[in-house]
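Put chain B on the given structure of chain A with help from the hints.
For the protein sequence lines, the chains are A and B, in the order given.
Just so we're aligned, residue 1 is where the first sequence starts under the working numbering, counting upward by one.
Just so we're aligned, residue 1 is where the second sequence starts under the working numbering, counting upward by one.
Just to be clear, a hint being listed does not mean it is correct.
As the list claims (entries may be wrong) - Take a look, some chain B residues computed to stay more than 10 angstroms from chain A by CB distance:
hint : residue
1    : Leu32
2    : Lys110
3    : Pro131
4    : Gly151
5    : Ala154
6    : Lys192
7    : Ile367
8    : Lys411
9    : Asn511
10   : Ala530
11   : Asp533
To be verified - Examples of chain A residues toward chain B, derived with CB under 7 angstroms:
hint : residue
12   : Lys68
13   : Ser69
14   : Met73
15   : Tyr188
16   : Pro189
17   : Ser190
18   : Phe191
19   : Asn195
What the hints assert, rightly or not - 20 angstroms max Cα-Cα, derived DMTMM-like pairs, lysine to aspartate or glutamate:
hint : chain 1 : residue 1 : chain 2 : residue 2
20   : A       : Lys200    : B       : Glu61
21   : B       : Lys21     : A       : Asp12
22   : B       : Lys546    : A       : Asp12
It should be emphasised that the hints constitute simulated quantities derived from the structure, not laboratory data.
Note that the structure is a prediction, hence the values are computed from the model and not measured.
Cβ atoms here follow ideal geometry from the backbone N, Cα and C, with glycine treated the same way.
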Amino acid sequence: MNIVVCVKQVPDSTEVKINPETGHLIRAGVPSIINPYDHFALQTALELKKKHANFKVTVVAMGPPQAKSVVQMGMALGADEGVLLSDMAFAGSDTWATSYALAKAVKKIGKTDLIFCGMQAIDGDTAQTGPGVAQQLGMPQITFCEKVDVDGRRIIAHKLIDGGYEVVEARPPVLLTMIMHKDYVPRYPSFLAINASLKKPFHTWSASDIGAEAQFLGLKGSPTQVDRIYPPAQREKAAMFSGSGQEGMAKILQIMKAEHFLED
Amino acid sequence: MASMDSISRNLMLDSLREYAKRRIPFDLIRELDEKNECPTGILREMYDKDSLGVHLLMIPEEYGGVSGGTFDIYRICELLARIDLGIATGVFATFLGTDPLNQGGTAEQKEKWLKRIASENLLVAYGATEPDAGSDLVNMRTRAEHVVKNGKIAGYRITGNKQWISNGGIADMHTILAMAPGGPSWFIVETKIEGFSANKHEDKHGIRLSNTAGLSLDNVYVPAENLIGLEEGKGLLQAQAVFGYTRVMVAAFGLGCGLEALEHAIRYSQQRIQGGGPLSEKQGYTHKLIVPNYVRLEGARAFIEYTSLRLDSGEHGLQTEGAIAKYGASEWGNKAADDAIQALGGYGFTKDFPVEKIKRDVKITCIYEGTSEVLEMTIYRGRWQEHLKSRGRYYLDMADQLDLLHAKEPKVGAHASALGLRALAAILEECRVHKLTRHQHVTFTLGRLICAAETAWNFSIAAAAQKYSETIRFDREGWQAMARIFAREAALNTAAQGLALVLGAADAAGNLADAVNMEAIQTEQKGMIADMDLVALKLKQTFKAK
Chain A
1 MNIVVCVKQV PDSTEVKINP ETGHLIRAGV PSIINPYDHF ALQTALELKK
51 KHANFKVTVV AMGPPQAKSV VQMGMALGAD EGVLLSDMAF AGSDTWATSY
101 ALAKAVKKIG KTDLIFCGMQ AIDGDTAQTG PGVAQQLGMP QITFCEKVDV
151 DGRRIIAHKL IDGGYEVVEA RPPVLLTMIM HKDYVPRYPS FLAINASLKK
201 PFHTWSASDI GAEAQFLGLK GSPTQVDRIY PPAQREKAAM FSGSGQEGMA
251 KILQIMKAEH FLED
Chain B
1 MASMDSISRN LMLDSLREYA KRRIPFDLIR ELDEKNECPT GILREMYDKD
51 SLGVHLLMIP EEYGGVSGGT FDIYRICELL ARIDLGIATG VFATFLGTDP
101 LNQGGTAEQK EKWLKRIASE NLLVAYGATE PDAGSDLVNM RTRAEHVVKN
151 GKIAGYRITG NKQWISNGGI ADMHTILAMA PGGPSWFIVE TKIEGFSANK
201 HEDKHGIRLS NTAGLSLDNV YVPAENLIGL EEGKGLLQAQ AVFGYTRVMV
251 AAFGLGCGLE ALEHAIRYSQ QRIQGGGPLS EKQGYTHKLI VPNYVRLEGA
301 RAFIEYTSLR LDSGEHGLQT EGAIAKYGAS EWGNKAADDA IQALGGYGFT
351 KDFPVEKIKR DVKITCIYEG TSEVLEMTIY RGRWQEHLKS RGRYYLDMAD
401 QLDLLHAKEP KVGAHASALG LRALAAILEE CRVHKLTRHQ HVTFTLGRLI
451 CAAETAWNFS IAAAAQKYSE TIRFDREGWQ AMARIFAREA ALNTAAQGLA
501 LVLGAADAAG NLADAVNMEA IQTEQKGMIA DMDLVALKLK QTFKAK
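Next up, chain A with everything else stripped away, as it sits in the complex:
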């Protein structure tokens, strides 16, 4: 069975802040990581590969040259092959244009039985790209999966629904988007595996390599545009005081009186 896992490199959201004046993300010094949902999707695919000897896993990412990092990480964790879609023509693509490019890449990779995507990326939080790829490929999809098993040609997915799980069965080809299992511990590759991943087949493909037409890519091919990004209005800053409990109480009383919550 041939599996493709789509991964994205994202800024570590715990470190990102928005410049309130410009509305831009402050990226200075912020490390990039593999999107955590994609990490889980990748691990799920690699677990299947471990159980089934004839499974092949290909990792695909789209982004600038440095996004090779998440592809190589996938290979270091056990994927057989890696593809990076990198071309200025992809820049500015929204979820639909990105889905188009990823779908074209999947077609170039060849016969694909399963596509794994993270439910959403932690930078955009749209949850649209995975379903978009399925749509572009005319492939059925099962979203919000927490667990996936393969039994012969049967795909059994545990899909999260309100108040529980729905167990969905499908036949390949199918695209699955993964949420994260609550007990999931992300795996990171050993030094040796990272070094060995350099010897695995890796390809950088441009728009023309995958036969993507310029009109469907980048800003031109994007039906949605980001108008602006802004942080929610901040509440007034709390005043902090230090001292003993008694001093604290005295201070609170003083403030309450000053603000006329209490009478003198």
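Below, chain B without anything else, positioned relative to chain A:
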């Protein structure tokens, strides 16, 4: 070895960071520190090639390692130090212990031992220091006597004591320096061998998670094939050959500890409200305790990288550069950690916050792998020769190079750095004319001044580069401001302290006051506070309060 590609290196750093986050939380570190306990299990896990395999960095690929270069090792060492310097030392000991084999081992020895270290995840210790032989290994007393069978040297009997050996009590194998009939030589000694024993784990001021023990060798027999290089008398050369990069590793430790402590303080300062506002907004705090320390450590980082890249491009030795890298990073890292305690006030003085432990830990970087004083001497000795050989042109040529740079890039402090180098050249010349280097104090102080002036020279050049290193977390505006601050401070200290040094030692100092050009150096101080304001802001933006 050349360094690996940036992506692989950063993936390794991520794996190490994530491992530490999961397995070595601060609470555990604090408990082990309190109990003076080495986490051998964690070290073994870190060495497990299927889990992490951090020790494989020093082992060439053909023997099962990953062929890390100096730059890769520096980056891993910095991160290890940020996690815990005791654990870092446990890893470093294996790096160091493997070195004699890497440097002097025969192909067969490497094939056998490096492969075993890689595949069996062996902990290694480096046994050089003795009770009476630290920096001065010539006084070594451990002896290796020939064992002759059928007229041939079949093996050696080693007897002696080793002291302060990192991993001494937990290592699976040791590389031991001993005096053989043909001179100092390295031997491979496995732990489970008759006559070999380790003493108790030392009760140390810092790096308490690192096992440190004395070793006792009582007539320990090793076969002749365990003599590294199969040739006696090469031991000291083999040891010295690697000082360039082993000192870069300890430099990375000083850097990692110092920056980790400062970054705690920077984040804390944004939350701590005093006098109506956060401490991060107060110059009395930032411009004394934070900015100067951060700037010095960024200068040290640039010098570590400069030395690493030269070593990775195939240059050998670089003992003076290695000494400058280590001396600067460890002394400035120590000072930064001390100031970080001050920056956290009472909290910094408690064991609930990491800076107190970092301060105790980082002190060792000023002691092991060459004390600061030995390094002052090494730096002075190396550059004094250059000064004499070039008839005083050595630093003047470097200053000329900076003047050209200043014409193209006026914002990197190149002019101030050049003034510092010219002052240094004048001071060295005055020392030569008046024969002042007969005073040991003069030579050691010169070592200190040289370290700062050369670091400033390199910082200006690095800050002018088109593309910055992957390690720089600041934009050009911020990093260039740091280079300017460093250059001003170095120039002023070189001139003022160099002048004071000569005046204190010479009967007359001619027109040295003019020669160091103090007036121009003072003029160059203009803009210092504005630059410090800018750097304080950049630090706050980069290390946001959590």
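Evaluation of the provided hints:
1. With a closest Cβ-Cβ approach of about 23 angstroms to chain A, Leu32 of chain B is found to remain outside the 10 angstroms limit, as its non-interface label requires.
2. At the 10 angstroms boundary, the C-beta of Lys110 of chain B stays outside the reach of chain A, the nearest C-beta of that chain being 18 angstroms off.
3. Interface exclusion of Pro131 of chain B from chain A stands, the closest Cβ pair being 37 angstroms apart, more than 10 angstroms.
4. Remark: the non-interface label on Gly151 of chain B is consistent with the geometry, its nearest Cβ contact in chain A lying 45 angstroms away (cut-off 10 angstroms).
5. With 10 angstroms as the threshold on Cβ separation, the claim that Ala154 of chain B sits away from chain A holds: the shortest Cβ distance comes to roughly 37 angstroms.
6. For Lys192 of chain B, the shortest C-beta to C-beta distance to chain A comes to about 27 angstroms, beyond the 10 angstroms cut-off, and the non-interface label holds.
7. Listed as a non-interface residue, Ile367 of chain B keeps its Cβ farther than 10 angstroms from every Cβ of chain A; the least gap is roughly 29 angstroms.
8. Against the 10 angstroms criterion, Lys411 of chain B stays outside the reach of chain A, whose nearest CB is about 18 angstroms from its own CB.
9. Distance check for Asn511 of chain B against chain A: the nearest CB is about 47 angstroms away, which clears 10 angstroms, and the non-interface claim stands.
10. The claim that Ala530 of chain B lies off the interface holds: its Cβ sits roughly 20 angstroms from the closest Cβ of chain A, which is beyond the 10 angstroms cut-off.
11. No beta-carbon of chain A is positioned within 10 angstroms of the beta-carbon of Asp533 of chain B; the least distance is around 17 angstroms.
12. With a cut of 7 angstroms, the hint placing Lys68 of chain A at the interface with chain B holds, because the nearest CB-to-CB distance is about 6 angstroms.
13. Of the supplied interface hints, the one on Ser69 of chain A holds, with its beta-carbon coming within about 5 angstroms of a beta-carbon of chain B, less than 7 angstroms.
14. Below 7 angstroms, beta-carbon pairs count as interface contacts, and Met73 of chain A has one with chain B at about 6 angstroms; its hint therefore holds.
15. Interface hint at Tyr188 of chain A: satisfied, since its Cβ lies 4 angstroms from the closest Cβ of chain B, which is below the 7 angstroms cut-off.
16. For Pro189 of chain A, the interface hint holds, the least distance from its beta-carbon to any beta-carbon of chain B being 6 angstroms, beneath 7 angstroms.
17. At its closest, the beta carbon of Ser190 of chain A sits 5 angstroms from a beta carbon of chain B; the interface hint therefore holds under the 7 angstroms criterion.
18. Hint status for Phe191 of chain A relative to chain B: holds, with the closest Cβ pair at about 4 angstroms, below 7 angstroms.
19. About 4 angstroms separates the beta-carbon of Asn195 of chain A from the nearest beta-carbon of chain B, less than 7 angstroms, and the hint is met.
20. With a C-alpha separation of about 16 angstroms, the suggested pair Lys200 of chain A and Glu61 of chain B falls inside the 20 angstroms cut-off, and the hint holds.
21. A C-alpha spacing of about 15 angstroms is found between Lys21 of chain B and Asp12 of chain A, which places the hinted pair at or below 20 angstroms, so the restraint holds.
22. Distance check on the hinted pair: Lys546 of chain B and Asp12 of chain A sit about 14 angstroms apart at the alpha-carbon level, within 20 angstroms; holds.
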